[in-house]
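Undergrad: Sequence:
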Amino acid sequence: MTNSSRTAGTVPGRLPAAELERNFSDLHPALGPHEAQVAADRCYFCHDAPCMTACPTSIDIPLFIRQIATETPEAAGKTIFEQNILGGMCARVCPTETLCEEACVREAAEGKPVEIGRLQRFATDRVMSKNEHPFDRAAATGKKIAVVGAGPAGLSCAHRLAMKGHDVVIFDARPKPGGLNEYGIASYKSTENFAQAEVSWLMRIGGITLEAGKALGQDVTLEALKADYDAVFLGMGLGAVNTLGVPGDDKDGALDAVDFIADLRQSTDLSTLPVGRNVVVIGGGMTAVDAAVQSRLLGAEAVTIAYRRGQDRMAASVFEQELATAKGVHILTHVQPVAVHGNGAVREVEFEYTADKDGKLVGTGETIRIPADQCFRAIGQTLSGAPEGLELSGGKIAVTDGGRTSVAGVWAGGDCASGGDDLTVTAVAEGRDAAEDIHTTLMG
Numbered sequence: 000m001t002n003s004s005r006t007a008g009t010v011p012g013r014l015p016a017a018e019l020e021r022n023f024s025d026l027h028p029a030l031g032p033h034e035a036q037v038a039a040d041r042c043y044f045c046h047d048a049p050c051m052t053a054c055p056t057s058i059d060i061p062l063f064i065r066q067i068a069t070e071t072p073e074a075a076g077k078t079i080f081e082q083n084i085l086g087g088m089c090a091r092v093c094p095t096e097t098l099c100e101e102a103c104v105r106e107a108a109e110g111k112p113v114e115i116g117r118l119q120r121f122a123t124d125r126v127m128s129k130n131e132h133p134f135d136r137a138a139a140t141g142k143k144i145a146v147v148g149a150g151p152a153g154l155s156c157a158h159r160l161a162m163k164g165h166d167v168v169i170f171d172a173r174p175k176p177g178g179l180n181e182y183g184i185a186s187y188k189s190t191e192n193f194a195q196a197e198v199s200w201l202m203r204i205g206g207i208t209l210e211a212g213k214a215l216g217q218d219v220t221l222e223a224l225k226a227d228y229d230a231v232f233l234g235m236g237l238g239a240v241n242t243l244g245v246p247g248d249d250k251d252g253a254l255d256a257v258d259f260i261a262d263l264r265q266s267t268d269l270s271t272l273p274v275g276r277n278v279v280v281i282g283g284g285m286t287a288v289d290a291a292v293q294s295r296l297l298g299a300e301a302v303t304i305a306y307r308r309g310q311d312r313m314a315a316s317v318f319e320q321e322l323a324t325a326k327g328v329h330i331l332t333h334v335q336p337v338a339v340h341g342n343g344a345v346r347e348v349e350f351e352y353t354a355d356k357d358g359k360l361v362g363t364g365e366t367i368r369i370p371a372d373q374c375f376r377a378i379g380q381t382l383s384g385a386p387e388g389l390e391l392s393g394g395k396i397a398v399t400d401g402g403r404t405s406v407a408g409v410w411a412g413g414d415c416a417s418g419g420d421d422l423t424v425t426a427v428a429e430g431r432d433a434a435e436d437i438h439t440t441l442m443g
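Residue numbers for the sequence shown follow numbering that gives the first Met the number 0, so the first one is 0 and each next one is one higher.
Honestly, the hints are just simulated from the structure, not real lab data. A couple of the hints might just be wrong.
As the list claims (entries may be wrong) - Calculated pairs, DSSO-like style, for lysine-lysine (alpha carbon to alpha carbon, straight line, at most 30 Å):
no., residue 1, residue 2
1, Lys-163, Lys-142
2, Lys-129, Lys-163
3, Lys-163, Lys-213
4, Lys-129, Lys-175
5, Lys-395, Lys-175
6, Lys-225, Lys-213
7, Lys-142, Lys-213
8, Lys-225, Lys-175
9, Lys-395, Lys-163
10, Lys-111, Lys-77
11, Lys-213, Lys-395
12, Lys-77, Lys-143
13, Lys-326, Lys-111
14, Lys-326, Lys-250
15, Lys-175, Lys-213
16, Lys-163, Lys-77
17, Lys-395, Lys-142
18, Lys-213, Lys-188
Unchecked claim - Estimated spans, in silico, between C-beta atoms of each pair:
no., residue 1, residue 2, range
19, Ala-338, Ser-266, 27 to 33 Å
20, Val-37, Glu-222, 55 to 61 Å
21, Glu-34, Gly-205, 32 to 38 Å
22, Ile-367, Gly-31, 47 to 53 Å
23, Pro-28, Glu-81, 24 to 30 Å
24, Thr-220, Thr-381, 16 to 22 Å
25, Ala-196, Asp-40, 26 to 32 Å
26, Gly-205, Thr-71, 22 to 28 Å
27, Lys-359, Thr-267, 43 to 49 Å
28, Thr-399, Thr-71, 36 to 42 Å
29, Glu-191, Gly-164, 32 to 38 Å
30, Glu-191, Asp-40, 24 to 30 Å
31, Asn-241, Thr-324, 24 to 30 Å
32, Thr-271, Gln-217, 27 to 33 Å
None of these values were measured; they are calculated from a predicted model. For glycine and all other residues, C-beta sits at the position ideal for the given N, C-alpha and C.
Go ahead and model the full structure; you've got the sequences and the hints to work with.
TA: What follows is the structure, given as structure tokens:
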């Protein structure tokens, strides 16, 4: 466990094992062949497909759906992987309801889009179930690139570079690769150890070596990597979590939501995970929803998401918000934390009601206390340990087109880099595009 250790108000095993297994089963079960055919037949195969424009990796969505419709799912999978080598995970975790499916013509006409995400999973799963890798490596270039971070951006970058004939070494601080996909998403979104299976499949391209348990700034330095490699790509994500900055924030039971989610993802027995009766999650993004919903699924009796602005301002999609409320989570808006109360351990969280005044968020002076024996912070992360000499922008590594940083020979992408929207699919696109720029630069 990282920091979600048991406190006085939290106990493991609130629900029987069979119920826990049902609660954490696949949120969107895979389509069967007939279901995929029916879903594919709904596509209009638009010439100027708005769904394709809405996809950060620019997958040719009409083409791969037509390939499914013509009973060539392996070809469909390769169409997806050409643009997004982590298309299997993205099919599971992407907020398609605000990306490709929201742009679908069927959504505009009928309020029911083509199930692009589930069709993508159908096609990618078919390809990944085969013994062979869909791409071949180019002839060896003799170039060697270091990739820091084995998350979506780093993996995407490494695969594209390896495919072009370069040798790649990935350094990652954690014991297992995958980054956000392995440690940072709700367990019901990615089941059956899919994140590790995907990494193993991706590395079949060859030419990629993983150095796990090696953190930038501790075990390796940027200067050493620049000296030993022809290029460096930084994709290590964000390591620090924002604090509440209120009295009592350090009490037992006041925890980081990302650590709770990571503990849950790595657990082999959910009945051993402690959860409170009354859980409060502070924040309005996907991490807040994942922590809140999973608390309910572990057996918490009352779970509240507390957000400082209106529900329409929450970063979590409408689908995620509705999922939370369907699981029994209460969403309380226009409140900001002012104190965490309790004698050593969390017992209540005090909030002040807020209002928008002249475009600014202000407190109204009216307060409310919510009982809590667990309180999760989900108010964003910040870059930790950025190497000296790199220009920053908005607290992240500043990059230009192609992911170039202010330091020659160093590229960056994913959550640690400026721009983007902190989505897996965006990180994949940035890693891929940086790899193309690195290749062009190295090969003259």
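Undergrad: Does each hint hold? Answer for all of them.
TA: Status of each hint after checking the structure:
no., hint, result
1, Lys-163 with Lys-142, "holds, 10 Å"
2, Lys-129 with Lys-163, "holds, 22 Å"
3, Lys-163 with Lys-213, "holds, 26 Å"
4, Lys-129 with Lys-175, "holds, 24 Å"
5, Lys-395 with Lys-175, "holds, 24 Å"
6, Lys-225 with Lys-213, "holds, 16 Å"
7, Lys-142 with Lys-213, "holds, 22 Å"
8, Lys-225 with Lys-175, "holds, 24 Å"
9, Lys-395 with Lys-163, "holds, 29 Å"
10, Lys-111 with Lys-77, "holds, 27 Å"
11, Lys-213 with Lys-395, "holds, 21 Å"
12, Lys-77 with Lys-143, "holds, 27 Å"
13, Lys-326 with Lys-111, "holds, 23 Å"
14, Lys-326 with Lys-250, "holds, 28 Å"
15, Lys-175 with Lys-213, "holds, 11 Å"
16, Lys-163 with Lys-77, "holds, 17 Å"
17, Lys-395 with Lys-142, "holds, 28 Å"
18, Lys-213 with Lys-188, "holds, 28 Å"
19, Ala-338 with Ser-266: 27 to 33 Å, "holds, 31 Å"
20, Val-37 with Glu-222: 55 to 61 Å, "holds, 57 Å"
21, Glu-34 with Gly-205: 32 to 38 Å, "holds, 35 Å"
22, Ile-367 with Gly-31: 47 to 53 Å, "holds, 48 Å"
23, Pro-28 with Glu-81: 24 to 30 Å, "holds, 26 Å"
24, Thr-220 with Thr-381: 16 to 22 Å, "holds, 21 Å"
25, Ala-196 with Asp-40: 26 to 32 Å, "holds, 30 Å"
26, Gly-205 with Thr-71: 22 to 28 Å, "holds, 26 Å"
27, Lys-359 with Thr-267: 43 to 49 Å, "holds, 47 Å"
28, Thr-399 with Thr-71: 36 to 42 Å, "holds, 39 Å"
29, Glu-191 with Gly-164: 32 to 38 Å, "holds, 33 Å"
30, Glu-191 with Asp-40: 24 to 30 Å, "holds, 29 Å"
31, Asn-241 with Thr-324: 24 to 30 Å, "holds, 25 Å"
32, Thr-271 with Gln-217: 27 to 33 Å, "holds, 30 Å"
Consistency with the previously given hints is maintained throughout, with no hint failing.
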